[in-house]
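Top to bottom, those sequences are chains A and B.
No gaps in the numbering here: position 382 of the first sequence is 388 in my numbering, and each next residue is one more.
No gaps in the numbering here: position 66 of the second sequence is 529 in my numbering, and each next residue is one more.
Calculated directly from the structure, the hints in this document are not laboratory data.
It should be emphasised that the depicted structure is a prediction, and the values quoted were computed from it without experimental measurement.
Idealized CB from N, CA, C, for every residue including glycine.
Estimated spans, in silico, between C-beta atoms of each pair:
| id | chain 1 | residue 1 | chain 2 | residue 2 | range |
| --- | --- | --- | --- | --- | --- |
| 1 | A | Ala436 | B | Ala743 | 43 to 51 angstroms |
| 2 | B | Val550 | A | Ala433 | 45 to 53 angstroms |
| 3 | A | Ser190 | B | Ile733 | 49 to 57 angstroms |
Computed footprint of chain B on chain A; a stretch qualifies when at least three of its residues, placed anywhere within it, have a C-beta under 8 angstroms from a C-beta of chain B:
| id | segment |
| --- | --- |
| 4 | 319-325 |
| 5 | 392-402 |
Next come the chains, spelled out residue by residue.
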Amino acid sequence: MRPNLRPWLKGPATAWRVAGSPVCRLLLLAVLWAVLPGVAAAQGPDAVDCQQCHGDREMFAADDSATARMFVPDSLLRETRHQKLRCADCHPEHASGFPHEASAKAVQCQSCHKQEGAEWAPSIHAANARTAGDAPNCVSCHGNHTVLGAADRRSPTHPLNLAAMCGRCHSDPRIIGTYFMAPSGAQARVAVAQYYETVHGNALTRDGLVVSATCNDCHGAHKILPAKSPESSVNHANIPKTCGTCHVGILESYEQSAHGKAIGNGAAGAKPAPVCTDCHSGHQIVRADQPKWFMGVVEECGTCHRRLYETYFTTYHGQVTKLGFGLTAKCSDCHTAHEIRPRTDPQSSVYPANLQRTCQRCHPAANANFVKYYSHGDSHERTRYPALYWASMGMNLLLAGVFGFFGIHTLLWMNRLAINHVRSRRAAKAPSEEKAP
Amino acid sequence: MSELLSVSNRGEGPYLRRFTVLDRTLHALVIVSFLGLVMTGAPLRFPFSGWAHTLSRLLGGFQTAGFVHRVCAIITFGYFAAHLAKVTVLLFRTTDKKSIFWGPNSMVPQPKDLRDVIQMFKWFFGRGPQPRFDRFSYMEKFDYLGVFWGVAIIGASGLMLWFPEFFARVLPGWAFNVATIVHGEEALLALGFIFTIHFFNVHLRPGKFPIDLVIFTGSATADYMKEEHPLEYERLQQAGRLAELETPAPSRQFYVWSLILGFTSLALGITMIVLVLWGALR
Numbered sequence: 007m008r009p010n011l012r013p014w015l016k017g018p019a020t021a022w023r024v025a026g027s028p029v030c031r032l033l034l035l036a037v038l039w040a041v042l043p044g045v046a047a048a049q050g051p052d053a054v055d056c057q058q059c060h061g062d063r064e065m066f067a068a069d070d071s072a073t074a075r076m077f078v079p080d081s082l083l084r085e086t087r088h089q090k091l092r093c094a095d096c097h098p099e100h101a102s103g104f105p106h107e108a109s110a111k112a113v114q115c116q117s118c119h120k121q122e123g124a125e126w127a128p129s130i131h132a133a134n135a136r137t138a139g140d141a142p143n144c145v146s147c148h149g150n151h152t153v154l155g156a157a158d159r160r161s162p163t164h165p166l167n168l169a170a171m172c173g174r175c176h177s178d179p180r181i182i183g184t185y186f187m188a189p190s191g192a193q194a195r196v197a198v199a200q201y202y203e204t205v206h207g208n209a210l211t212r213d214g215l216v217v218s219a220t221c222n223d224c225h226g227a228h229k230i231l232p233a234k235s236p237e238s239s240v241n242h243a244n245i246p247k248t249c250g251t252c253h254v255g256i257l258e259s260y261e262q263s264a265h266g267k268a269i270g271n272g273a274a275g276a277k278p279a280p281v282c283t284d285c286h287s288g289h290q291i292v293r294a295d296q297p298k299w300f301m302g303v304v305e306e307c308g309t310c311h312r313r314l315y316e317t318y319f320t321t322y323h324g325q326v327t328k329l330g331f332g333l334t335a336k337c338s339d340c341h342t343a344h345e346i347r348p349r350t351d352p353q354s355s356v357y358p359a360n361l362q363r364t365c366q367r368c369h370p371a372a373n374a375n376f377v378k379y380y381s382h383g384d385s386h387e388r389t390r391y392p393a394l395y396w397a398s399m400g401m402n403l404l405l406a407g408v409f410g411f412f413g414i415h416t417l418l419w420m421n422r423l424a425i426n427h428v429r430s431r432r433a434a435k436a437p438s439e440e441k442a443p
Numbered sequence: 464m465s466e467l468l469s470v471s472n473r474g475e476g477p478y479l480r481r482f483t484v485l486d487r488t489l490h491a492l493v494i495v496s497f498l499g500l501v502m503t504g505a506p507l508r509f510p511f512s513g514w515a516h517t518l519s520r521l522l523g524g525f526q527t528a529g530f531v532h533r534v535c536a537i538i539t540f541g542y543f544a545a546h547l548a549k550v551t552v553l554l555f556r557t558t559d560k561k562s563i564f565w566g567p568n569s570m571v572p573q574p575k576d577l578r579d580v581i582q583m584f585k586w587f588f589g590r591g592p593q594p595r596f597d598r599f600s601y602m603e604k605f606d607y608l609g610v611f612w613g614v615a616i617i618g619a620s621g622l623m624l625w626f627p628e629f630f631a632r633v634l635p636g637w638a639f640n641v642a643t644i645v646h647g648e649e650a651l652l653a654l655g656f657i658f659t660i661h662f663f664n665v666h667l668r669p670g671k672f673p674i675d676l677v678i679f680t681g682s683a684t685a686d687y688m689k690e691e692h693p694l695e696y697e698r699l700q701q702a703g704r705l706a707e708l709e710t711p712a713p714s715r716q717f718y719v720w721s722l723i724l725g726f727t728s729l730a731l732g733i734t735m736i737v738l739v740l741w742g743a744l745r
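Bound conformation, chain A alone:
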């Protein structure tokens, strides 16, 4: 914890070895107990000493922020997680006390916070700090002298404050203009603003629920990587695991589904399968009973299952859904939301033997006949759905016949009336013209 204490401990350690007998050691211990604070004061200034200057508002009253930052009153330090540290622990170059150099070196938090430092090092923030010098470091998020810890309600890293803190940069027009103007940055440009509208953001800001996911829960706190990085917690392949950290039961179901297995295989050239965010999105997560969501998810299924999507909309279920009403069956009502198994799987909700139970969720009296309904019937497929094909064909012929006959009938009638009209006008005119000359 206090690496800079080692130098002055060396002296007494030698004395300890020299003082052989237990009695001598006890005596030495007593002496040490009495003089240690004095030794410490001699080796590096205590906060109390630094306060003599840095606690004096007058001394750092200049307007520029660099000077103002050096005003570190005792009250500021009293409640931090670092209250037991001494100034020189973080500012070792000032260990010699006053007078010291005018400018302090960058504080090396990772000298204690090794794991966090190691996580931050490969992050997109660290990379940008190295190349452009324009990225948040420890103090950007945690503060400098007032490190409170994420559990403290006043800390910028507290769940209720975190999104606003990330938004300081991620909603900043300068940052957006510099880093997120590529087409791939479309989502990042509005990420924070959209987050507040999601079910997660609402739970935090409206319901004050701190267990709801905020930025770091999905993106990580220190090892923040862009989604395209395979190591990123928000990489497509890692999304189920990330969301599953909280949604444990959903992850269990999903892993059993055709989609989950496809993602789980991870085999090169495997069919792409949807993960959580493909249906729920990342920053537009809405409740599943909202029209915006249930229409969106049908569209999402349709991006791969095109023919099933099109035929669904020829059924009453699909027609009502398309009109924006949520009561009739949508994809997930029959296929389940997360444990979507192929219809050949005996555990699938649409396995023939299970269909009756599935339909009965909405149609309590559904019998064996009832479930012979084609939820995705296609009247264009003569071999698979002959009844639909011929019914459709027959109706088309009937319509073509009736409209064909009466369409021609009507057009010819109008034509005849027009001819007769012109002729009668001419006939009425003719005698008067003869009389004129």
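Since the structure of chain A is already known, use the hints to place chain B on it.
Relative to chain A, chain B alone:
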């Protein structure tokens, strides 16, 4: 001036009775229920059209629209039953039972109707005079039989879709797929026919434009009868039965209400056919 809006009021009198109160009432029910069915049903058939979303919300959402659709279906079954009952009663009461199924007063298509169709096409091409119709032209018979067939087909398929669990006791599930296709296509046929062909033949063609209120007021002038149904007029004249059909002109108030119902129905129907064509062609 408004008297002349309806072709049934134009020309010389006297006014002659053409439709009974029951016929007129049933036709008014056909209009109201059919427009209700079309407006609540068409959004389902064209859910990809913007107007379908607007219309379904205007009607109170799909559940309310579905409720209105079913109420209109009940009205439809009601007028269908009432008409069948009327024909049955006639069958028992009329001494000349054959006249219901054959002859100038019957709705059954007969050789004369085929001859009239051929004659009509000859006239279209300037090869002869316009056919002279009796009490019902072949177009009116087609309208009537179209409703007859349409109510049976749409009604049966609609009942299947209304009570699928009940009908699934005997029918396989795919019968409801067939019912969906038949119900939707037959409905398209019905509304397409009524809102274009029927509207043109009866109301909008030159000579009749803008409206023919005889089905509402029940009576028309002698001149109208000579023009539209000359054979019937002459037949009645020869039989000396014109006098018993003479009736007072419709009251001004009744006439104005008929105009309002007629024009409202025309406007709604034309609006719906435009929307449906828009939905079908997109």
